[in-house]
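Protein chains: 2
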Amino acid sequence: MLIVRKYGGTSVGDADRIRHVARKLAAAWREGNELVVVLSAMGKTTDELIAKAKEIAPDASKREMDMLLATGEQISVALCAMALGELGVPAISLNAFQVRMHTTSAYGNARFKKIDTERIRHELEAKKVVLVTGFQGVNKYDDVTTLGRGGSDTTAVALAAALQADLCEIYTDVDGIYTADPRIVPTARKLDEITYDEMLNLATLGAGVLHNRSVELAKKYGIPLVLRSSLSDAEGTVLKEEVKVERMLVSGVALDKTVDRVSVAGIPDRPGSAFRLFDLLARNRINIDVIVQSAGHDGKQEISFTIAEADAQTVEKLLSENRKKLGFDSFVIDRDIAKVSIVGAGMISHPGIASKVFEALFNVGVNIEMITTSEIRISVIIAKDQADRACRAVHDMFITED
Amino acid sequence: MLIVRKYGGTSVGDADRIRHVARKLAAAWREGNELVVVLSAMGKTTDELIAKAKEIAPDASKREMDMLLATGEQISVALCAMALGELGVPAISLNAFQVRMHTTSAYGNARFKKIDTERIRHELEAKKVVLVTGFQGVNKYDDVTTLGRGGSDTTAVALAAALQADLCEIYTDVDGIYTADPRIVPTARKLDEITYDEMLNLATLGAGVLHNRSVELAKKYGIPLVLRSSLSDAEGTVLKEEVKVERMLVSGVALDKTVDRVSVAGIPDRPGSAFRLFDLLARNRINIDVIVQSAGHDGKQEISFTIAEADAQTVEKLLSENRKKLGFDSFVIDRDIAKVSIVGAGMISHPGIASKVFEALFNVGVNIEMITTSEIRISVIIAKDQADRACRAVHDMFITED
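Sequence order for the protein chains is A and B.
Going letter by letter, the first sequence gives residues 0 to 401 in numbering that gives the first Met the number 0.
Going letter by letter, the second sequence gives residues 0 to 401 in numbering that gives the first Met the number 0.
Because the hints were derived from the structure by calculation, they are not lab data.
Possibly wrong hints are sitting among the right ones.
To be verified - Only pairs whose alpha carbons sit at most 25 Å apart, straight line, appear in this in silico BS3-like list of lysine-lysine: (1) A:Lys23 <-> A:Lys189; (2) B:Lys126 <-> B:Lys139; (3) B:Lys113 <-> A:Lys23; (4) A:Lys139 <-> B:Lys113; (5) A:Lys127 <-> B:Lys51; (6) A:Lys127 <-> B:Lys61.
Values in this document were obtained by computation on a predicted structure and should not be read as measured data.
From just these sequences and the hints, can you work out the full model?
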């Protein structure tokens, strides 16, 4: 079986852990598998390199930052190849130049365009374990690029697609996808399977164990993706296009406490008013999520929507500066809210989920301030201090224990 | 002027020193020079990477060791490019893949075969300072190689040759070539100029501030090479093919305390005996230097020669194992010797130097145990505890103070 495996920075954090990873790889190789292994930089390496750069140039060029950061993964793959050598397993490390991992030009946030497989296939034919630097590529100027957050996961899935691998395994420090955050919901349990779409929704909603870009890529090329722990032998969670029919209606409950609600009052009740408001935000790259528009009185209306906490300052500035131009009376940003979402591919064919959510929250005295639904998810906006309780109530309403 | 500059690991040892180097480069660039800058890894980086490797694999593959070590110089060039950016100087870092520095295949000890100049020239035309990783190359398998000791000096000279640079400057923590080690000979003084050949002899003889390979390369391509300090503004020493005629007979005195003398007694006095001895040592990669052969008695002879201290154990083993085969009676290794050499291009046309060396040493009561001469140098083997005294006496006999 041709397997692409990825180990994150914690999994290769020191010499002992690298040896541990090498033993796992040696076992899989001895079973006759072909292995392509993507590694992140060791533990805190990337943070240390960023600190060095900041000391020298607080506003360093992104091109040079990528050149600097790419060394981290190269150290990991070289050391891991040595560890495999010690175990008598032939192994070879390759960087983005050697594989020829072509990306777009955007330093710090590049995307793969094309990955050559010739060198990797050549090394696999020589029965070697191939270790590839995650998180990086080479652009059309022959410069090093990095992929941004979740980059090494994306490298693994992209390689699996290019090599038409049988399986892509993402090893991390959690042992799978849970129906909710176990720290908040004690009854949360690990899922054996989940669809790509469900995972995409969960990731967007704050359960981000896998970066969306890698899940999108896996979905696009139909790569079976497994998320499992590098510290235990637990089975992990398989991501695929469809999961078995007897499964639950809802696959997971996500909680996001990093949202704020913006309420804009006194907007002129005529065509284009709302459009001009949202257009202003879009042009300033502000993502908005749940929107509620209410007819007001005296020819005025009110619009509320949620934004990421990190964008609150920018939004405050934008609205203050454009109040007259947009013609509204006032606005307020509420930071004490949270978003609870339930996600499940089975919801499409089951109406009435929303009312069950209302019921669950009513039972524990939580007031719903806003609500939004899509084919496979329902999100509610509630008070932040009621979020954990709400999350547990919704989870236990829909997800039964094994 | 197109200048290739090299800064060693101490010169880029921390953020402050990198900023200092960047300021120097900015000044030279603002004067209108085209700059190609070769950097070593920061301070102890290479040692730390080697330690990490040893922890994981005491006997790591050289191919993977090169992949690991090459990250050190990449960190240096990226950080220095950032520091130049902060000073408003356009700069770009390039690694061996990007420049296309083709080397032989020998991991850990590769030699340059061909260096492409297209990318560097392109960046110079864009008025950028070009920062290139020292010490590394890429071989025909598209694998990273390193050049071994003195590698970054070699990178600088090789780049200067490929680019037909006007000058190659090697910045280090000494401010030039001295007529002797100033710690031993207080009257030692810095040379303004020295020929490539004199430098080659001095380097071999223990005054190793510049690696021989880089001097050989500079000589081959006639690159004017300047050695100067990154910490002071002193003029440094220029290496060239010929130096001005009014110069001194002797350009330097070198002292090497890391030699041992091997004396082999009772060798059969017939053709081939000595050959078989030296052939055995050559096949085991033992370099021998000064040789004295003395006719003995009873059809036997004695041969003495010097070896590097580091080879003593190997030689002891080889001679013990092959005593019967080679037919000699006994051998002894004397560790308490040293080699003092005087080097000077002017010696070729001045006979009688040897007798002046004898005179100088006789004056301070030093006994010469062995002597060897070549066109531009004379070496004497003496007792180690008399070495410093001998060095001062010979230096002051030939080299006058300014």
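Pair hint outcome, B:Lys126 versus B:Lys139 [Cα-Cα no greater than 25 Å]: 31 Å, violated
25 Å Cα cutoff - pair A:Lys23, A:Lys189: Since the Cα atoms of A:Lys23 and A:Lys189 sit roughly 23 Å apart, the hinted pair holds (cutoff 25 Å).
Given hint A:Lys23 paired with B:Lys113 - CA-CA distance at most 25 Å: It is violated: about 41 Å lies between the C-alpha atoms, which goes past 25 Å.
A:Lys127 paired with B:Lys51 [C-alpha distance capped at 25 Å]: 23 Å, holds
25 Å Cα cutoff - pair A:Lys139, B:Lys113: 23 Å, holds
Agreement of A:Lys127 and B:Lys61 with the hint, judged by alpha carbon distance not exceeding 25 Å: Roughly 16 Å between the alpha carbons, so the hint for A:Lys127 and B:Lys61 holds.
Violated hints, listed in ascending order, are 2 and 3; each of the other numbered hints is respected by the structure.
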